[in-house]
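Student: Sequence:
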Amino acid sequence: MSVSDPVADFLTCVRNAIGAKHRKVDIPASRLKVELAKVLLRERMINNLKVIEDSKQGVLRIYLRYTEGDANVITGIRRMSTPGRRVYVDKTNIPRVMGGLGTSILSTSRGVMTDREARAAGLGGELICQVW
3 MSVSDPVADF LTCVRNAIGA KHRKVDIPAS RLKVELAKVL LRERMINNLK VIEDSKQGVL
63 RIYLRYTEGD ANVITGIRRM STPGRRVYVD KTNIPRVMGG LGTSILSTSR GVMTDREARA
123 AGLGGELICQ VW
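Going by our numbering, the first residue of the sequence shown is number 3, and it counts up by one from there.
Bear in mind the hints are in silico, worked out from the structure with no lab data behind them. Treat the hints with caution; some may be incorrect.
Computed list of lysine-lysine pairs in DSS-like fashion (alpha-carbon distance at most 30 Å, straight line) [claimed, not checked]:
| # | residue 1 | residue 2 |
| --- | --- | --- |
| 1 | Lys26 | Lys52 |
| 2 | Lys40 | Lys52 |
| 3 | Lys40 | Lys58 |
| 4 | Lys93 | Lys40 |
| 5 | Lys23 | Lys40 |
| 6 | Lys58 | Lys26 |
| 7 | Lys23 | Lys58 |
| 8 | Lys40 | Lys26 |
| 9 | Lys23 | Lys52 |
Quick list of the computed label-pair ranges, beta carbon to beta carbon [unchecked claim]:
| # | residue 1 | residue 2 | range |
| --- | --- | --- | --- |
| 10 | Arg88 | Lys40 | 20 to 26 Å |
| 11 | Asp56 | Tyr90 | 15 to 21 Å |
| 12 | Pro97 | Gly60 | 30 to 36 Å |
The structure presented is a predicted model; accordingly, all values stated were derived computationally and were not measured. Glycine included, C-beta positions come from ideal geometry on N, C-alpha and C.
Put together the whole structure using the sequences plus the hints.
Tutor: This is the structure:
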């Protein structure tokens, strides 16, 4: 089955796994999804990630992170730019999520990065999603 928005499918799989209190989730892999997962790993929102090669496109396995009280580290995740409505921001208009407690993920000319990294590098780009 073909997916028209693979990034939204990735975010929905993560959201559903967190809602069901799963410890890991398997998602069909792509370079963009792996980069998004690496950003989540750098921001300490997931524990680990692993790319499992198979005869097709591969599987991205994400190990979700919970606190000691079994509460989710990721409480919300929202797709901002869609295939029908792309959202671009310049370096001065990068939004802060929950006053800086969350993270915006952008696709820039230097790769996928967080809002803080983009501000420090002086870059704008496509606003992919927000995670808090």
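Student: Please name the hints from earlier in the document that this structure breaks, with their numbers sorted from lowest to highest.
Tutor: Hint 11 contradicted; others consistent.
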